[in-house]
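Novice: Below are the chains, spelled out letter by letter.
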Amino acid sequence: EAGVVQSPRYKIIEKKQPVAFWCNPISGHNTLYWYRQNLGQGPELLIRYENEEAVDDSQLPKDRFSAERLKGVDSTLKIQPAELGDSAVYLCASSLSGDTYNEQFFGPGTRLTVL
Amino acid sequence: EDQVTQSPEALRLQEGESSSLNCSYTVSGLRGLFWYRQDPGKGPEFLFTLYSAGEEKEKERLKATLTKKESFLHITAPKPEDSATYLCAVLNQAGTALIFGKGTTLSVSS
Numbered sequence: 001e002a003g004v005v006q007s008p009r010y011k012i013i014e015k016k017q018p019v020a021f022w023c024n025p026i027s028g029h030n031t032l033y034w035y036r037q038n039l040g041q042g043p044e045l046l047i048r049y050e051n052e053e054a055v056d057d058s059q060l061p062k063d064r065f066s067a068e069r070l071k072g073v074d075s076t077l078k079i080q081p082a083e084l085g086d087s088a089v090y091l092c093a094s095s096l097s098g099d100t101y102n103e104q105f106f107g108p109g110t111r112l113t114v115l
Numbered sequence: 001e002d003q004v005t006q007s008p009e010a011l012r013l014q015e016g017e018s019s020s021l022n023c024s025y026t027v028s029g030l031r032g033l034f035w036y037r038q039d040p041g042k043g044p045e046f047l048f049t050l051y052s053a054g055e056e057k058e059k060e061r062l063k064a065t066l067t068k069k070e071s072f073l074h075i076t077a078p079k080p081e082d083s084a085t086y087l088c089a090v091l092n093q094a095g096t097a098l099i100f101g102k103g104t105t106l107s108v109s110s
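So the sequence lines, in the order shown, correspond to chains V and Y.
Residue numbers for the first sequence, in our numbering: 1 to 115.
Residue numbers for the second sequence, in our numbering: 1 to 110.
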């Protein structure tokens, strides 16, 4: 079974530039999560989708971050414009449903460096 | 405020030297406590879920236990391949998000 796929794995950009991350969850998983993990910290939830609907985006900085999940499958997370403090690993995860947090399967993440 | 604290931050063991990692939490009405393993450059990998005090789960050399205020991850006779960062998380009070600790980085030398 293929795992959660993320691309790119690494991204280096100048501040004020836009950047986008892509995630393909495990087939059949209705729930998709985006997390941000700063160095030496645990992941922090940015947004959670149930199918196409964003059901929890309370931690998403909406002035510069946006996300979408078209057709309830792939998802894209965008930052525009990026700031120095956005440097982190952005993790995507999926699970069968949001009723249980058992076995969230994580992708390898995208490491973003903002110069 | 829902919070998870893990200790120690880092732990160095010799192969075969058993030890325990601690995860203390503050959340009203625990809905679930989760242990993950994270290798460098990879996403977290699910290990265990515990739901109620007194519950225990085992997987190979790992055993997770839960009390009303904390959880322990016991590592018996560790091997170098057990080296990783171990993350603990709880469901927040609303049951809508996982709250992660900072993790314990375990290094096992042969």
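Check the hints yourself; a few may be wrong.
[Said to hold, decoys possible] Here are the simulated EDC-like cross-link-like pairs (lysine to aspartate or glutamate), alpha carbons at most 16 Å apart as the crow flies:
1) Lys68(Y) - Glu55(Y)
2) Lys15(V) - Glu103(V)
3) Lys57(Y) - Glu50(V)
4) Lys59(Y) - Glu103(V)
5) Lys69(Y) - Glu56(Y)
6) Lys102(Y) - Glu44(V)
7) Lys71(V) - Glu50(V)
8) Lys71(V) - Asp86(V)
9) Lys79(Y) - Glu17(Y)
Hints are computed from structural coordinates only; laboratory data are not their basis.
Novice: Against the 16 Å threshold, does the CA-CA distance of Lys79(Y) and Glu17(Y) hold or violate the hint?
Specialist: Cα-Cα ~9 Å, so holds.
Novice: Verify the proposed pairing of Lys68(Y) with Glu55(Y), using a straight-line Cα cut of 16 Å.
Specialist: 11 Å, holds
Novice: Given the hinted pair Lys15(V) and Glu103(V), is their Cα-Cα distance within 16 Å?
Specialist: 35 Å, violated
Novice: Would you mind confirming whether the straight-line C-alpha gap from Lys69(Y) to Glu56(Y) stays at or under 16 Å?
Specialist: Cα-Cα ~15 Å, so holds.
Novice: Taken at face value, is the distance from the CA of Glu50(V) to the CA of Lys71(V) at most 16 Å?
Specialist: Satisfied, since the Cα-Cα distance of roughly 11 Å is no more than 16 Å.
Novice: Need the status of pair Lys59(Y), Glu103(V): alpha-carbon distance at most 16 Å?
Specialist: Holds: Lys59(Y) and Glu103(V) sit about 15 Å apart, inside 16 Å.
Novice: Need the status of pair Lys102(Y), Glu44(V): alpha-carbon distance at most 16 Å?
Specialist: 10 Å, holds
Novice: Verify the proposed pairing of Lys57(Y) with Glu50(V), using a straight-line Cα cut of 16 Å.
Specialist: Answer violated: Lys57(Y) to Glu50(V) is near 29 Å, above 16 Å.
Novice: Is the Cα-Cα distance between Lys71(V) and Asp86(V) 16 Å or less?
Specialist: It is violated: about 28 Å lies between the C-alpha atoms, which goes past 16 Å.
Comparing the model with each numbered hint stated earlier shows that hints 2, 3, 8 do not hold.
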